[in-house]
Every structure is written in C-alpha cells, then in structure tokens.
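Participant: If you want the building blocks of each chain, they are given just below.
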Amino acid sequence: DGGITQSPKYLFRKEGQNVTLSCEQNLNHDAMYWYRQDPGQGLRLIYYSQIVNDFQKGDIAEGYSVSREKKESFPLTVTSAQKNPTAFYLCASRPQQVMAQPQHFGDGTRLSIL
Amino acid sequence: DQQVKQNSPSLSVQEGRISILNCDYTNSMFDYFLWYKKYPAEGPTFLISISSIKDKNEDGRFTVFLNKSAKHLSLHIVPSQPGDSAVYFCAAGAGGTSYGKLTFGQGTILTVHP
Numbered sequence: 026d027g028g029i030t031q032s033p034k035y036l037f038r039k040e041g042q043n044v045t046l047s048c049e050q051n052l053n054h055d056a057m058y059w060y061r062q063d064p065g066q067g068l069r070l071i072y073y074s075q076i077v078n079d080f081q082k083g084d085i086a087e088g089y090s091v092s093r094e095k096k097e098s099f100p101l102t103v104t105s106a107q108k109n110p111t112a113f114y115l116c117a118s119r120p121q122q123v124m125a126q127p128q129h130f131g132d133g134t135r136l137s138i139l
Numbered sequence: 048d049q050q051v052k053q054n055s056p057s058l059s060v061q062e063g064r065i066s067i068l069n070c071d072y073t074n075s076m077f078d079y080f081l082w083y084k085k086y087p088a089e090g091p092t093f094l095i096s097i098s099s100i101k102d103k104n105e106d107g108r109f110t111v112f113l114n115k116s117a118k119h120l121s122l123h124i125v126p127s128q129p130g131d132s133a134v135y136f137c138a139a140g141a142g143g144t145s146y147g148k149l150t151f152g153q154g155t156i157l158t159v160h161p
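Chains as they are written, first to last, in the numbering used here: chain W, 26 to 139; chain L, 48 to 161.
Think of the hints as simulated: they come from the structure by calculation, not from any bench.
There's no promise every hint is true.
As the list claims (entries may be wrong) - Below 20 Å or equal to it, Euclidean Cα-Cα: the simulated SDA-like pairs (lysine to any residue) are:
1. 108/W - 78/W
2. 148/L - 105/W
3. 84/L - 28/W
4. 34/W - 92/L
5. 34/W - 158/L
This structure is a prediction, so every number in the text was calculated from the model and none was measured.
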C-alpha cells in the first residue's frame, strides 16, 4: 500500500529547541515538498526537492532546514530561529517525470510550542 | 501578494443541491489548476485538475471550469452530499521549470446539510 507517512502526528517543542519532522514515501516519487498551514490560510511552501542530494528554498524557508539523502525520505528540521513554529506541517510528493501531475500529501504533523 | 485567492471562507449548501466553489488567480504563467479536499487533521486529497488548454473537466459529481480571460476557476459539486463537507483548496502551477511547485488559495469550508 503506497503512500506518504509523516511522523509524529503531534509534536511539542520547548523554546530554543530544534525538532525534526519525518516524511517517508514509498511511491517512488522523485519530487518532495514541505508546506506549512496556519489557521485560515492556504498551504505555504517551505522547501522542495527534485532529486536526491538537491533541494531548494520555497517561499518561507527561514528558520527551517531539510536534507534529501535518500529518495524515500525528506526530513524537515524546525530550528530555534523559526520564531513562530506552531503550525500544521504537510509533506507531499509527486512523480517528477510527468508534467502537471498532482502532489500527494501525508496526513501532517501538528507542532506546538510548550 | 496572493497569487491564488478563494474569496469565500465558507459555503453552506443543502444536500442534493449544487455546491459552487470559486477561485481567482493573478499569475498568467499558471497553466494547470487543481482542487484538493481536506478533512481536519488530515492531508489534502487530490480531487480534480484542469489544464489551461481546456475550459472544462468533469469527473463524476465534480466539474471544474476555467475562464482564462477572467483568471477564474470554479468547482461544481452536483449533487452535494454530507460527506463532501470539508475544506476545499484550489492550487495553481506553472509548467516548464517550476518543478511542480503549487500555489494554494486560502481554502473554502464547505458544509453540506442533510
């Protein structure tokens, strides 16, 4: 059963801590994306990756970092530099080779500050 | 600068009637458009898409209309069912070197009353 797995579903962070959100996909998709959703707002792109060992900043990359060491995995680190990290984080993937293919999403991680 | 806008935060419809969700965009480079449905605490699910070379695409109860001159698209759901109650996001993408990046609207909460 192919899909995108995000873990944990809920995450709490203390002030000044870095936390890492996991995203794993077994869809054999090349491209992966991280979005942030705030109440009443749409999804905003944080980082994206087209291929292993390569990634680009999205619209709101400040305070976040990513890595793409394996095709299946695209973890997102929320650093202490991110001043307003409380949000719902969504990971997505799509096959890169085919244009205009929809992105497929995981079920998200809700991050809260203690 | 919001390039994709959903001006109606919410819509309430009676079961069996038509639901019409609207979306406006400003970027002329967008050449494909998608609608996603999202339940609370879950990731968005792809519903239907349309390429800029078409003005209509139909899939079962869902039809998307695109008016390029007005930079406007709409999603029609007929007949509406209580299970359709969710947040609906429109998204737009540009081909070429956009790497599948999508720009999302703020979402419209659809409530279908039995």
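Participant: Work down the list of hints and note, for each, if the structure agrees.
Facilitator: Comparing the hints with the structure gives:
1. 108/W - 78/W: Violated - the C-alpha atoms of residue 78/W and residue 108/W are around 27 Å apart, more than 20 Å.
2. 148/L - 105/W: violated, 27 Å
3. 84/L - 28/W: The given pair, whose Cα atoms are some 17 Å apart, holds under the 20 Å limit.
4. 34/W - 92/L: Answer holds: residue 34/W to residue 92/L is near 17 Å, not above 20 Å.
5. 34/W - 158/L: violated, 26 Å
When held up to the earlier numbered hints, the structure conflicts with 1, 2, 5 and fits the remainder.
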